[in-house]
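Asks: One letter stands for each residue in the lines below.
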Amino acid sequence: MKTRPIRTAMAAAAAAALALTAACSGGGDDGGKITLSVGLFGDFGFGPLYEEYSKLHPEIEFEERIAEFADHHTNLTTHLATGSGAADIEAVEVGYISQYTAQPDRFHNLLDLGAAELEGQWLDWKWQQALAKDGEALIGLGTDVGGMAMCYRRDLFEQAGLPVERDEVSALWAGSWEDYVAVGRQYSEATGGDYFFESSGNMFRAMVEQADEGVYDRDDNLVVESNPAIGEAWDLTVEAIEAGMSNRLQAWTPEWNAGFNEGTFATIICPAWMTSYIETNAPDSAGLWDIATVPGGAGNMGGSHLVLPAQGDHPEEAYAFIEWLTAPEQQLKVFESTGNFPSTPALYEDEALTGMTKAYFNDAPVGQIFTAAAQAVRPQYQGPLQGDVLATIGQGLGRIEDGSQTPDEAWSQVLGDLESF
Amino acid sequence: MTIAAKRTGPARTADPTGRSSPAGRRFQHLRYRLDLKASPYLYIAPFFALFAAFGLFPLAYTAWVSTHEWSLLSDEHVFVAFGNYQALLSDPYFWNALGNTMSILLLATVPQLLAALLLAHLLTLRLRGQTFWRMGMLLPNVASVVAVAVIFSQLFGRDFGLVNWVLESLGAGRIDWQSGSATSHIAIAVMVAWKWTGYNALIFLAAMQAVPRDVYEAAHLDGASRMQQLFHVTVPMIRPTIVFTVIVSTIYGLQIFAEPQLFGGGGPNGVTGGASRQFQTLTLYLYEHGFNRGFEFGYASAVAWTMFLVIVVVALLNYLFIRRIRSDS
Numbered sequence: 001m002k003t004r005p006i007r008t009a010m011a012a013a014a015a016a017a018l019a020l021t022a023a024c025s026g027g028g029d030d031g032g033k034i035t036l037s038v039g040l041f042g043d044f045g046f047g048p049l050y051e052e053y054s055k056l057h058p059e060i061e062f063e064e065r066i067a068e069f070a071d072h073h074t075n076l077t078t079h080l081a082t083g084s085g086a087a088d089i090e091a092v093e094v095g096y097i098s099q100y101t102a103q104p105d106r107f108h109n110l111l112d113l114g115a116a117e118l119e120g121q122w123l124d125w126k127w128q129q130a131l132a133k134d135g136e137a138l139i140g141l142g143t144d145v146g147g148m149a150m151c152y153r154r155d156l157f158e159q160a161g162l163p164v165e166r167d168e169v170s171a172l173w174a175g176s177w178e179d180y181v182a183v184g185r186q187y188s189e190a191t192g193g194d195y196f197f198e199s200s201g202n203m204f205r206a207m208v209e210q211a212d213e214g215v216y217d218r219d220d221n222l223v224v225e226s227n228p229a230i231g232e233a234w235d236l237t238v239e240a241i242e243a244g245m246s247n248r249l250q251a252w253t254p255e256w257n258a259g260f261n262e263g264t265f266a267t268i269i270c271p272a273w274m275t276s277y278i279e280t281n282a283p284d285s286a287g288l289w290d291i292a293t294v295p296g297g298a299g300n301m302g303g304s305h306l307v308l309p310a311q312g313d314h315p316e317e318a319y320a321f322i323e324w325l326t327a328p329e330q331q332l333k334v335f336e337s338t339g340n341f342p343s344t345p346a347l348y349e350d351e352a353l354t355g356m357t358k359a360y361f362n363d364a365p366v367g368q369i370f371t372a373a374a375q376a377v378r379p380q381y382q383g384p385l386q387g388d389v390l391a392t393i394g395q396g397l398g399r400i401e402d403g404s405q406t407p408d409e410a411w412s413q414v415l416g417d418l419e420s421f
Numbered sequence: 001m002t003i004a005a006k007r008t009g010p011a012r013t014a015d016p017t018g019r020s021s022p023a024g025r026r027f028q029h030l031r032y033r034l035d036l037k038a039s040p041y042l043y044i045a046p047f048f049a050l051f052a053a054f055g056l057f058p059l060a061y062t063a064w065v066s067t068h069e070w071s072l073l074s075d076e077h078v079f080v081a082f083g084n085y086q087a088l089l090s091d092p093y094f095w096n097a098l099g100n101t102m103s104i105l106l107l108a109t110v111p112q113l114l115a116a117l118l119l120a121h122l123l124t125l126r127l128r129g130q131t132f133w134r135m136g137m138l139l140p141n142v143a144s145v146v147a148v149a150v151i152f153s154q155l156f157g158r159d160f161g162l163v164n165w166v167l168e169s170l171g172a173g174r175i176d177w178q179s180g181s182a183t184s185h186i187a188i189a190v191m192v193a194w195k196w197t198g199y200n201a202l203i204f205l206a207a208m209q210a211v212p213r214d215v216y217e218a219a220h221l222d223g224a225s226r227m228q229q230l231f232h233v234t235v236p237m238i239r240p241t242i243v244f245t246v247i248v249s250t251i252y253g254l255q256i257f258a259e260p261q262l263f264g265g266g267g268p269n270g271v272t273g274g275a276s277r278q279f280q281t282l283t284l285y286l287y288e289h290g291f292n293r294g295f296e297f298g299y300a301s302a303v304a305w306t307m308f309l310v311i312v313v314v315a316l317l318n319y320l321f322i323r324r325i326r327s328d329s
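Which chain is which? The protein sequence lines are A and B, in order. Mapping of the first sequence onto full-length UniProt numbering: position 59 corresponds to residue 59, and the numbering continues sequentially without gaps. Mapping of the second sequence onto full-length UniProt numbering: position 167 corresponds to residue 167, and the numbering continues sequentially without gaps.
The hints are simulated quantities; they were obtained by calculation from the structure and are not laboratory data. It is possible that some hints are incorrect.
Said to hold, decoys possible - Partial list, computed: chain A residues near chain B (C-beta under 7 Å): (1) 298; (2) 359; (3) 395.
Said to hold, decoys possible - Stretch-level coverage of chain B by chain A, calculated; a stretch enters the list once three of its residues show a Cβ under 8 Å from a Cβ in chain A: (4) 132-142; (5) 148-158; (6) 273-284.
For each residue, glycine too, the CB sits at the ideal point set by N, CA and C.
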């Protein structure tokens, strides 16, 4: 009996020691170091910035996990639902952000971590997108925005007898998307049936993004059927398909990648982030691509936020990092290295940004072009399954492209598919 | 009796633990019998324990989940009895997926097993470098299914694919393999066949080598050709092996997932198996519901159980079909 207190004490000590080591290893600390995991889709150009931040804060280390676009968001949803597996910091594309702002308790509220004072730093609509419905919680800070432009092949335009210089090209379709389709007809006739653009889904999406209301109304009701802007966009896209303008490629496939270099299509809708994509996919085509303005006014396509899942153990450290990372200085560096366009208006006056040109695109003044595009964007409300809805409609257009359905059949199947949403 | 008493006598004194007392002896005997009767079960228990934990329990749990409206995104699980199965059977996309799966299964399995049979037959002949040829058979099977699917998807590419390039240089037109039903099924079936033909050939070969030589000698004396020997001697003799390969190929073929998923590319077509669902298999259909926007685990579980039943039925039909081999020949 006498030994019992000693034994108990020893057991307690052992348990405490175990708990202590568990706490250290479980939290990702290693000799006082904290490892922040960052989950991204594709390369965000953060590499050098991790190093820079680690120099400023030697106790912080980074581990980047990159997945494919769709997989990334599916995994994130799974990890949030099961309460484990998410990175400390996760990127969310704008098509998915509403899905997550609908469940703000699964994320650290950035307003409590110090973001409340920074509201004016971002474009207002970018800030709003990451705000929960009741405005009480902010789940993410904006990285880039995807103000749209139109990339085109100078060599192919020249062969078709179309103007080549970007101002003249912009003027060709300055009026509307109808003008763009008219130019497409001209191009097809002149070239004997070459493709004017890569995929009809992208053209459709661009038109929808420019409308005041997209596929959802502000109460998260699907308005695909009732919104006239959607119907018009669909009809014009179908017209372009039937005129044989689409290369019928699917984005992010090897065939699509190859098309940039081979020049199988002459134009592609170019949000800022697309420029770096073209550059890396078609390194041999430098100087052949150029950038004009997009028809139909301004609109945003893509762009991301960085969010902190509530299951992460280091909210303060992670927040401090993303606050630094999304500050104008760092966003400018990202733009320089990748072409992802900043979401912080302070830079739009900055000569360092507006004066930037890109040699690959025939020295196009990308700073100027995308600043103008971003400033002109009228925000559009993004509903919870935005990305999936647009994908479903895109598949409908795909069925017209491959000839398996008539436009009417495709449209009614789209509406049928959307009923299950 | 006396000998026995003498034998146990010294032991009783030598063993102070009393193990040889009547009670101890009974215990020893019991332990011996227990060892004999129970040990084998104990030795195979780990397998069954693991199977129960990772096989049987998930199976039963899936059945339980399938009777609920069970989304990963919500903590509420509403009991709906057979509601999911009802919805499933009335969904035309399910029947479409079932049809696609069957079509791909037929296109992949039948030519594959016939080719395997012929290859195995060739391998029984005297060849130089026998081991080399036999090992070579297995190589495609060692390749990761993802790598196979990625490479073949590129080969079957519309604009820059090797297959179309060959077709074009032969004067035939290009084919948009992905957009058609039949063409996409063929492309996927080729991936499956490429991976499994050699494997099945080796299994057939092993069975063929167990067929007694004198049967062939008798057939030879009767004037049977090589081909006649294959179909009238070899095939009936290796019937159990054929049953095995048919059933295993059926089970695998009905669960094809990675091939169509990667063939569809990274976008939504990888989930629905093409814009018209022209190559969506059952597993892909399950994936679309279970691991896509709604995370409808209840519905996906119902799909899984339905698939299980389909596999049992198809395997059984195949078995009955193959059993006729002997009576026919």
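Asks: The structure should be examined with respect to each hint, and the outcome stated for every one.
Replies: Here's how the hints hold up against the structure:
| no. | hint | verdict |
| --- | --- | --- |
| 1 | 298 | 26 Å, violated |
| 2 | 359 | 27 Å, violated |
| 3 | 395 | 4 Å, holds |
| 4 | 132-142 | violated (count 0) |
| 5 | 148-158 | holds (count 4) |
| 6 | 273-284 | holds (count 3) |
Checked against the numbered hints given earlier, this structure breaks hints 1, 2, 4; the rest are met.
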